[in-house]
Structure formats: C-alpha cells, structure tokens
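Asks: Read top to bottom, the protein sequences are chains A and B. Residues in the first sequence are numbered consecutively from 414, following the working numbering. Residues in the second sequence are numbered consecutively from 124, following the working numbering.
It is worth saying that the hints were derived from the structure and are not from the lab. Keep in mind that this is a model prediction, so the values were computed, not measured. Some clues are possibly wrong.
[Stated by the list, open to error] Pairwise CB distance ranges, derived in the manner of DEER restraints: (1) F346/B <-> Y479/A: 50 to 58 Å; (2) E615/B <-> D525/A: 40 to 48 Å; (3) V632/B <-> K488/A: 22 to 30 Å.
All residues carry an ideal CB built from backbone N, CA and C; glycine is no exception.
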Amino acid sequence: MLSKTGAAGPGKFPNMKKIEAIIKPFKLEEVKEALSEIGIDGMTVSEVKGFGRQKGHTEIYRGSEYVVDFLPKIKVEVVLGDGQVEQAAAAIIKAAKTGKIGDGKIFISAVDEAVRIRTEETGEKAV
Amino acid sequence: MISLKKIPALLLAASLAWTAGTLLAQNEPAPAPPAPPTETVAAPPATPPDATLEQRVTDIEQYFQNMGVGGSGDTTWKSKIGSIPGPGHNGWMMACAALVLFMTLPGLALFYGGLVRRKNVLSVCAQCLCTAGLVTILWWICGYSLVFGKSFASGFPFGGSEFLFFKGVDSAPNTDYSYWVSNNVYAMYQLMFAIITPALIVGAIAERMKFSAIMTFIGLWMFVVYFPMAHMVWGVSGLMNGVWNADAKIPAIDFAGGTVVHMTSGWSALILCMILGKRLGFGKEKMAPHNMVLCMVGTGMLWVGWYGFNAGSAVAADVISSNAFTTTTLATATAGFTWAMIEAIHRGHPSILGFCSGIVAGLVVITPACGFVSPTGAMIIGVLAGAIPYIFVVFVKAAFGYDDALDTFGVHAIGGTLGAIMTGLLATDKANGNLVVDAVAGKNGLKELVTNGGLVFAQLKAVGITLVLSVVGTFILAYIVKMVIGLRPTPEVETAGLDVSEHGEEGYVL
Numbered sequence: 414m415l416s417k418t419g420a421a422g423p424g425k426f427p428n429m430k431k432i433e434a435i436i437k438p439f440k441l442e443e444v445k446e447a448l449s450e451i452g453i454d455g456m457t458v459s460e461v462k463g464f465g466r467q468k469g470h471t472e473i474y475r476g477s478e479y480v481v482d483f484l485p486k487i488k489v490e491v492v493l494g495d496g497q498v499e500q501a502a503a504a505i506i507k508a509a510k511t512g513k514i515g516d517g518k519i520f521i522s523a524v525d526e527a528v529r530i531r532t533e534e535t536g537e538k539a540v
Numbered sequence: 124m125i126s127l128k129k130i131p132a133l134l135l136a137a138s139l140a141w142t143a144g145t146l147l148a149q150n151e152p153a154p155a156p157p158a159p160p161t162e163t164v165a166a167p168p169a170t171p172p173d174a175t176l177e178q179r180v181t182d183i184e185q186y187f188q189n190m191g192v193g194g195s196g197d198t199t200w201k202s203k204i205g206s207i208p209g210p211g212h213n214g215w216m217m218a219c220a221a222l223v224l225f226m227t228l229p230g231l232a233l234f235y236g237g238l239v240r241r242k243n244v245l246s247v248c249a250q251c252l253c254t255a256g257l258v259t260i261l262w263w264i265c266g267y268s269l270v271f272g273k274s275f276a277s278g279f280p281f282g283g284s285e286f287l288f289f290k291g292v293d294s295a296p297n298t299d300y301s302y303w304v305s306n307n308v309y310a311m312y313q314l315m316f317a318i319i320t321p322a323l324i325v326g327a328i329a330e331r332m333k334f335s336a337i338m339t340f341i342g343l344w345m346f347v348v349y350f351p352m353a354h355m356v357w358g359v360s361g362l363m364n365g366v367w368n369a370d371a372k373i374p375a376i377d378f379a380g381g382t383v384v385h386m387t388s389g390w391s392a393l394i395l396c397m398i399l400g401k402r403l404g405f406g407k408e409k410m411a412p413h414n415m416v417l418c419m420v421g422t423g424m425l426w427v428g429w430y431g432f433n434a435g436s437a438v439a440a441d442v443i444s445s446n447a448f449t450t451t452t453l454a455t456a457t458a459g460f461t462w463a464m465i466e467a468i469h470r471g472h473p474s475i476l477g478f479c480s481g482i483v484a485g486l487v488v489i490t491p492a493c494g495f496v497s498p499t500g501a502m503i504i505g506v507l508a509g510a511i512p513y514i515f516v517v518f519v520k521a522a523f524g525y526d527d528a529l530d531t532f533g534v535h536a537i538g539g540t541l542g543a544i545m546t547g548l549l550a551t552d553k554a555n556g557n558l559v560v561d562a563v564a565g566k567n568g569l570k571e572l573v574t575n576g577g578l579v580f581a582q583l584k585a586v587g588i589t590l591v592l593s594v595v596g597t598f599i600l601a602y603i604v605k606m607v608i609g610l611r612p613t614p615e616v617e618t619a620g621l622d623v624s625e626h627g628e629e630g631y632v633l
C-alpha cells in the first residue's frame, strides 16, 4: 500500500528519527514552547508512570504505609527529520532540566516511515 | 439452609398484611389534630379559661424552661398547652432528626466510601442505605417500643410493648422523655441513632463481607445488642439511666451514646472483623483510600450532623442543649488539630486523613460527655481524643494485625470507652442540673456520686456491661450467620470488587 506513492521501499528509508522524552509534568509547558521556538509544531503527549533512580515515595494512611513505586511523568513524542534532531534534543534538555534527580530521559530512535492520513503524503513531508 | 432471598419477601408480605388489616379495621375517624396555639391568641374563647391568667403565664414560663405545665403538688390547673408540642423545642428536634440522618446518608457513606478501594465504594453506600431501610422497619414493628416503652419491669433489658407498630405514637408529647416534643418526632429522632449505630460497624468489615451476611447480622444485632443497650441507658425504666430512672441500679450517665452507639458498634466491629478474617492481599497489596476528597466531604457532614446528635440529645432547645453544642465544637476542633499535629511530628506530614480521623474521634469521645461537662472539660477531652485513638489506630492495630479496615474499633470502641470514663471524671452539675435533681438522681445515688465523687465507678460498670454484651452478642451472631449463609464472598468476587459482583454497578464509569 505504501509503495503506491513510491516514496518508501527496501533500502530507501527516509531519514527520520523519533524523540521520546520522559519529563517532569510541570515542565511540559516549557518544553512545548522550546520546541515551538525551533519550528516544531506537532507532538504527542501522554501521562505515564514509572521510576528510575528517583524511586517512588511512601504514602501513610493512619497506620498503613504504602510504598508507591511509580511516579507520574509526562512522555513527549516527536518525529523529526534527521537534521532537526540534535537541535530539538538540546531544546528539550534546556527546558526540562532542574538539575535534581527525576528530571527524566530522552530516547532517540529511527523511524522507518510516516504517512499523513489525510493526504497520504509520506516520509519527512508527513511529519 | 434458609434462602436469604426469601427474608425480604417475607418482611414485605408481613407489613403488607398488617397494613391491609389496619385499613379494614379502621372504621372510627382519626382523632382531630390539636388546635394550633395561634388560634387561642387570635380568638379567645367565650367561656372563662380553667386556668387563671397568672397560671397561664406560668405555663408559658415553664415552656421557656423546658418544664411541664399545669402546676404541681397541691396547685394544679387545666393547662391549654398541656398535650401539644412546643414549637421551639419540637422544631429543633425535627431539624436534629434530619441532621442525624444526614450523618449516615450521605456523611458516613462518603467518609467510609472514600476510604475503600474504588471497586468497593458502592458496597459501602449500599450497606448504609439498606441499614436505613431495615432498621426503620424494625423500629416501627417493635424497636421503638422495646427501647422507649415502659410496660415491662424496671431494669429489664427491654422497655415495653405499648408502642408496637407505632400504636399511640402520635404528635402529642411523650412526657416520659419531653414535655414539649411530639412522641412521633422523638421516635424519628431516636430511629436515626438506631440507623447510624449498625452502619458504623460497616467500616471494620468493609470490602470483604457478603451483602446478605452483613444485613442479616445487622438485623439480628439490633435485637441482641442495640435495643437492650439503648433501653438500659436511655429508657425511662432503664437499668443504667442515672438521670431519668429513680430506680436505676447503676446510676451511670451517657448523654448522646458513648456506650449505646460507639462502644456497641466499635467492640462488635472488632469481633466481627476478627471472625471474618483479613481482606485478600492484606499487608501485601496497596489498599490505600481511593478518594480522600470524598472522605473529607463525609467528615464535614458528620461534624455538622453531629450537632443534631449531641445538642439534640437534650431533647429540647434549652440550656443543656446550648452547652452540648459548645462542648461538641470545642472537643472536635481540638481533637482534629491534635491528631494532625501528632502525626506531623511522628510521621512528618499532617494528612487529611489525620485531620478527619481526629475530628471523628473528638466527636465520638465528647458524645457521652457533651451535656454534662464544662468547656474546660471539653478541651481536656479534645486533646485526649486526638491522642489515644491515634495510638490504637497506628500502633496497637499494627501490633495485633487485625484488619479493622476503616478503624471502627480504634476510633469508635476506644473513643466511646474513653468518653464514658472521662464523663465519669468530668461531669459537673454546673453544666447539667439534672445530675443532682432530688426526685431522680437523689434516689438512685447519682447525686451522691456527682457531689462526692465516684461517678467513674458507675461509668466503669456501664462500660463493662456494654463491652460484654457487644462482644458476646456479636461472637454468637457472627457464627450463626457464618453457619447459615456464610460471611465471605468467593475470592473471585472479592478480587473483582463487591460493586460489580454484589450490586451490578460501578462507582465510576470514566
């Protein structure tokens, strides 16, 4: 189906990357603005839970103590052309950093293909 | 094995048959309601009144002081306002009855409902709702009569048979309990106490008892524990009613239900939760409250409703009621503050549940004392109420490992017991003149105990009787229910949550 437009095929991957950034929830607005400033105006955001070095916290209800392992975080996903990746990652780091444990992580991975459903455009034009 | 599904049907059939019988037998017209008092003011009767003007003024003064009319001793007269409710006292008591109902629905339902996991929130609501219906039916059939009747012998655990099926429970005051409050209003007011008491037990067994089992248990428990206790402490011929029964063998006092309400429910809750066993996954899974906001809203409603419970227990809007309103506020606010501050020091955070627990503990401990102690006494009670239940809820429960899910034992049993004892230590006739009235307190020994000390020993006897009746009664009833219909749902039902399995609904559809 994708071969209909002829943009994708074996050995002809478009040069795209996906950035997944796990950040502190209160930093979402700053990260969004930082990405907008460098011309990135689309992203997917989800509320996620997890833990890394920060670990969880303890909740106490009268006599009962519960260790809550998973802390709430925000995951921002952006798919970009190769050229923008470094700049975008730097912008996210600058906006999301507090210097304290629990600031989050950025993962960058290759993306094989992208399609804009409305127009059926593919590759970098679609992201 | 008795099919439980048949019990509600039988109850319904019995009440329908009774209703039909009454309707058929009712040939004579209903008695005319007493003339409204305004009529006599607007149009004085042509014939001279039986009482002199001075005597009629005396009657009105008696009303202001919540006392009887028509003179006494050698000088008596036919009062115009002798058998009608007094508007102020009666109006206040109707508001109080509604306030006490508000404590259960939705106050307690939200307080408890917020503290369970979301899959069981409706089961708590259902248990509170069903208790309201079940207890009302029992109250109409015989509950009110067994508690507040007096045709049986003085000191007998049940009152009498004169009010069966609310016979004669009309708008005229029942002067055994109040000169100015309608008998039916008094019956409704006391009904609300009978509803909230078993509903309190629900907190200890939350999230893991079959609906049919808890409702059957409550139905039986009313007869074995609540009706006898309420009669012995509050009935005019009650064994432990030091203020109203001149023949009381134990001249103890309990203003609004430290023994009758909180000790009975709290100690029964402990025994029932131990026989029932722990929730599946207790100590391993997270069983944190699913909604602390609901819990806080419920706590606020409990506090507001409790004014009806405590200040209303004066059965009048009089000096004793005003004092009870004041002591209730002081003790409750102080206990909530104290609990949270202890928690802040001990655990590092003053939690919402800490404030709420302290507030409820304060309300519980001041309950038996509110109409008998001074504001200073209330402050002492407030501090103790914030500290002692905290110890039981945090340390004792952990040490013994029983699963009192929502701390009915730690708060109500301990709070009620503490309150009964503190009432013995702090009660003063400066707060409540009834403690030294010669006609009653002078005869049963209460006056002597209040004046010269020793009231606390009478209180300890009442505590002992309450404790034994609650523990033994619950033990026997719990095993009967366990043998006949079983207490626990299947592990599958318990894991899925009682809401979907037992009530076919979910609390939250998001």
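Asks: For each hint, tell me whether it holds in the structure or not.
Replies: Checked hints:
1. F346/B <-> Y479/A: 50 to 58 Å: 40 Å, violated
2. E615/B <-> D525/A: 40 to 48 Å: 44 Å, holds
3. V632/B <-> K488/A: 22 to 30 Å: 26 Å, holds
Comparing the model with each numbered hint stated earlier shows that hint 1 is the single one that does not hold.
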